[in-house]
Amino acid sequence: MSSSLEVDNPGGGGGGGGESANRLSLKRHDSLFGDAEKVSGGKYHGSDGSWARTLHLAFQSVGIIYGDIGTSPLYVYSSTFPDGIKYNDDLLGVLSLIIYTLIVIPMLKYVFIVLYANDNGDGGTFALYSLISRYAKIRMIPNQQAEDAMVSNYSIEAPNSQLRTAQWFKQKLESSKAAKIVLFTLTILGTSMVMGDGTLTPAISVLSAVSGIKEKAPSLTQSQVVWISVAILFLLFSVQRFGTDKVGYTFAPVISVWFLLIAGIGLYNLVEHDIGVLRAFNPWYIVQYFKRNGKEGWVSLGGIILCVTGTEGMFADLGHFNIRAVQISFNGILFPSVALCYIGQAAYLRKFPDNVGDTFYKSIPAPLFWPTFIVAILAAIIASQAMLSGAFAILSKALSLGCLPRVQVIHTSKKYEGQVYIPEVNFLMGLASIIVTIAFRTTTSIGNAYGICVVTTFSITTHLMTVVMLVIWKKHIVYVLLFYVVFGFTELIYLSSILSKFVQGGYLPFCFALVLMTLMATWHYVHVKRYWYELDHIVPTGQMTTLLEKNDVRRIPGVGLLYTELVQGIPPVFPRLIKKIPSVHAVFLFMSIKHLPIPHVAPPERFLFRQVGAREQRVFRCVARYGYSDALEEPKEFAAFLVDRLKMFIQEEMAFAQAENEAGNEDDDGGEAAAAAARPRRSTSSVVHSEEAIQSRVSTHSGRITFQANQQTTTAEEEKQLIDREVERGVVYLMGEANVSAGPRSSILKKIVVNYIYTFLRKNLTEGHKALAIPKDQLLKVGITYEI
Numbered sequence: 001m002s003s004s005l006e007v008d009n010p011g012g013g014g015g016g017g018g019e020s021a022n023r024l025s026l027k028r029h030d031s032l033f034g035d036a037e038k039v040s041g042g043k044y045h046g047s048d049g050s051w052a053r054t055l056h057l058a059f060q061s062v063g064i065i066y067g068d069i070g071t072s073p074l075y076v077y078s079s080t081f082p083d084g085i086k087y088n089d090d091l092l093g094v095l096s097l098i099i100y101t102l103i104v105i106p107m108l109k110y111v112f113i114v115l116y117a118n119d120n121g122d123g124g125t126f127a128l129y130s131l132i133s134r135y136a137k138i139r140m141i142p143n144q145q146a147e148d149a150m151v152s153n154y155s156i157e158a159p160n161s162q163l164r165t166a167q168w169f170k171q172k173l174e175s176s177k178a179a180k181i182v183l184f185t186l187t188i189l190g191t192s193m194v195m196g197d198g199t200l201t202p203a204i205s206v207l208s209a210v211s212g213i214k215e216k217a218p219s220l221t222q223s224q225v226v227w228i229s230v231a232i233l234f235l236l237f238s239v240q241r242f243g244t245d246k247v248g249y250t251f252a253p254v255i256s257v258w259f260l261l262i263a264g265i266g267l268y269n270l271v272e273h274d275i276g277v278l279r280a281f282n283p284w285y286i287v288q289y290f291k292r293n294g295k296e297g298w299v300s301l302g303g304i305i306l307c308v309t310g311t312e313g314m315f316a317d318l319g320h321f322n323i324r325a326v327q328i329s330f331n332g333i334l335f336p337s338v339a340l341c342y343i344g345q346a347a348y349l350r351k352f353p354d355n356v357g358d359t360f361y362k363s364i365p366a367p368l369f370w371p372t373f374i375v376a377i378l379a380a381i382i383a384s385q386a387m388l389s390g391a392f393a394i395l396s397k398a399l400s401l402g403c404l405p406r407v408q409v410i411h412t413s414k415k416y417e418g419q420v421y422i423p424e425v426n427f428l429m430g431l432a433s434i435i436v437t438i439a440f441r442t443t444t445s446i447g448n449a450y451g452i453c454v455v456t457t458f459s460i461t462t463h464l465m466t467v468v469m470l471v472i473w474k475k476h477i478v479y480v481l482l483f484y485v486v487f488g489f490t491e492l493i494y495l496s497s498i499l500s501k502f503v504q505g506g507y508l509p510f511c512f513a514l515v516l517m518t519l520m521a522t523w524h525y526v527h528v529k530r531y532w533y534e535l536d537h538i539v540p541t542g543q544m545t546t547l548l549e550k551n552d553v554r555r556i557p558g559v560g561l562l563y564t565e566l567v568q569g570i571p572p573v574f575p576r577l578i579k580k581i582p583s584v585h586a587v588f589l590f591m592s593i594k595h596l597p598i599p600h601v602a603p604p605e606r607f608l609f610r611q612v613g614a615r616e617q618r619v620f621r622c623v624a625r626y627g628y629s630d631a632l633e634e635p636k637e638f639a640a641f642l643v644d645r646l647k648m649f650i651q652e653e654m655a656f657a658q659a660e661n662e663a664g665n666e667d668d669d670g671g672e673a674a675a676a677a678a679r680p681r682r683s684t685s686s687v688v689h690s691e692e693a694i695q696s697r698v699s700t701h702s703g704r705i706t707f708q709a710n711q712q713t714t715t716a717e718e719e720k721q722l723i724d725r726e727v728e729r730g731v732v733y734l735m736g737e738a739n740v741s742a743g744p745r746s747s748i749l750k751k752i753v754v755n756y757i758y759t760f761l762r763k764n765l766t767e768g769h770k771a772l773a774i775p776k777d778q779l780l781k782v783g784i785t786y787e788i
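Going by full-length UniProt numbering, the letters in the sequence shown line up with residues 1 to 788, in that order.
Wrong hints could be hidden among the right ones.
Cβ pair distances, simulated, as ranges [claimed, not checked]:
hint: 1; residue 1: Trp473; residue 2: Phe352; range: 21 to 31 Å
hint: 2; residue 1: Asn755; residue 2: Leu428; range: 18 to 28 Å
hint: 3; residue 1: Ala217; residue 2: Phe489; range: 41 to 51 Å
hint: 4; residue 1: Leu260; residue 2: Asn755; range: 55 to 65 Å
hint: 5; residue 1: Phe427; residue 2: Asn755; range: 25 to 35 Å
hint: 6; residue 1: Ala52; residue 2: Gly783; range: 17 to 27 Å
hint: 7; residue 1: Ala231; residue 2: Asp644; range: 46 to 56 Å
hint: 8; residue 1: Leu749; residue 2: Asn88; range: 18 to 28 Å
Hint data in this document are derived by calculation from the structure and do not stem from the laboratory.
No residue lacks a Cβ here, since even glycine has one placed at the ideal position from N, Cα and C.
Please build the complete structure, drawing on both the sequences and the hints.
What follows is the structure, encoded as structure tokens:
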């Protein structure tokens, strides 16, 4: 623990030395104390309240978060009427359903409610889970530290006892292991569905856009269209490693042109063909549609829900913008444009119902076909790119939960923190997207799978939002139930419809999610078990001196960093290390990388230091804290930053020790002064003599304090110089290479999970040192086996 000195100034007035000493109070703070006050209450990106800034962000958001939902008019009507239109009035019912689905789910639920449940400006399913975990202890790894709550943007509201329901629900969450598992399962299911979304969006968007070329080249077969789409997909996934640095400026103009085109075409079709379709704003046509079609009408909801694909992106990508910017862009640009497009298509189909299989391209006026086709291809690629970036971002956040092995996360943009690229994941998603395109061949079949990903993610957000409203917002139970019933019931109806198409492609996301969730749950299960095993076998830090002396450990030149998951105690791998190689670097740190349930940790608050053992041994505990959206520094930058903060910690520790000595000396002298004052005063001269003697002692004491201060400063400087010398001699990174196996009495299921699935993942995915970008020539691995 580092240190700081607080002195209550007597502020003048009388009082003996004893009173002054009593007013001197020492308070030990964490090493972040001196730095934390340098961190201003920074707001998340785009929250400065300036209208010019907000409008600027609103324009950028058009290019980043609306590509998916903006390209859905390419395939919604064909997915809704796969067998053609039986009754012409069905178009009014379907159009009414599309309009009110756009109003209820993306507008009312997300734009006006869910966006406000952001985590310091960050959104998405994972952000909701992290937000809940700050208010209730629902995470299964016990690495919470009191100092974490001191991080500037960690702050949470004080407990509110106004509503007993909120307190009761919070206690139930914290005391129920089943509730914790359910919340965790929902989170990884949401992550799996987003990954599925990222795989299917490129397939359905690109395939539907490319299909338009058949209007001008009818001789092309569907197989040829599929292979053209595959070529575009291959190119799309190949260029992911280059990133999209100026994504807002590059994409926003293209998507804006797209919205302008579809709105204009929609308006043209409305006026040209049947302005009477505006009657669809009357929801009574929905009732008539279901009366007329019965079960077939219910099944068609699986196609209608595709009109809101990409809605989750508004929330997931909130970190780049702000709530007001998203609200302006959605209500001012997206909704009017997309609604006009659907209305125009319905008007066109009232006259030409046989063209429902390719409504979008057939409804385009001839002079606008090629410009629209080119922009459609670009918009489809942009929609895929934005979804892929979102999938990479959410998976990189899931890594901080310990759900997957550490994989290399490459940040492709210096300007946009969320723009990341994960090589292994990109390869697997690209391969899956190409296979899906070749296997399913049509947008209707892919749409059946796509809809399940979309609605499942909606439902998960609804459930997590309900917890947020109860525990964090502390809303009255009536409002919570209203939210849950209205949106939960709506999504349940859509989900039940899509599940009816399970055999026709709906099984795909379930298979995908089952595999991914199995891998994530397996890794997290073993990760938690391993953490608890190490926690049960730690060596108390107070035994460091005994441990070093017992093994006759030599100190060798350089700085050693031993990485460990634990944030307290000495990990069991360390005693094994010094038994096998009885030597430790001159400066040694137990290094923990810890992800807090917040998006970002400010650099000045990054490190926590503690002294381990005697000061002259120069052994420290360091916890490097990151938010789930933070990038790990490069090794050289990390080491320089670490050493700089370590030297600051040492200086503060020296200052604290000095202050303690001064306080102790003042207590002694204050006692002497009080005793002298209490003696019988024999004469005036003797009193004067006593006071002079006391002043002489105080003067001597002041000189002693000054000397000690100089001595402490010299010692601190020598320590810092020593650390600099050891850094120049080399930094060595030590990592525990833990083999985990199931105990001999474990069940067969546990042995399969631990000995086969976990071991396969550990051996075939990127190793920890690669994820941390540790140079091979500075790495030393220490093998150890755990039985859990």
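Given the hint of 18 to 28 Å, check if Asn755 and Leu428 actually sit that far apart at their C-beta atoms. With a Cβ separation near 24 Å, Asn755 and Leu428 satisfy 18 to 28 Å, so the hint holds.
Does the Cβ-Cβ separation between Ala231 and Asp644 fall within 46 to 56 Å? Holds, since Ala231 and Asp644 (Cβ atoms, about 50 Å apart) stay within the stated range.
State, for the Cβ atoms of Ala217 and Phe489, whether the hinted interval 41 to 51 Å holds or is violated. Since Ala217 and Phe489 have Cβ atoms about 46 Å apart, the given range 41 to 51 Å holds.
May I ask you to test the hint 25 to 35 Å on the CB atoms belonging to Phe427 and Asn755? Holds, at about 27 Å.
Can the suggested window of 21 to 31 Å be confirmed for the beta-carbon pair Trp473 and Phe352? Violated: the Cβ-Cβ distance is about 49 Å, outside 21 to 31 Å.
When you take the CB atoms of Leu260 and Asn755, is the distance between them in 55 to 65 Å? Cβ of Leu260 to Cβ of Asn755: about 59 Å, so the range 55 to 65 Å holds.
Distance restraint hint 17 to 27 Å, applied to the beta-carbon atoms of Ala52 and Gly783: Cβ of Ala52 to Cβ of Gly783: about 59 Å, so the range 17 to 27 Å is violated.
Between Leu749 and Asn88, does the beta-carbon spacing fit 18 to 28 Å? violated (57 Å)
In summary, the numbered hints that this structure violates are 1, 6 and 8.
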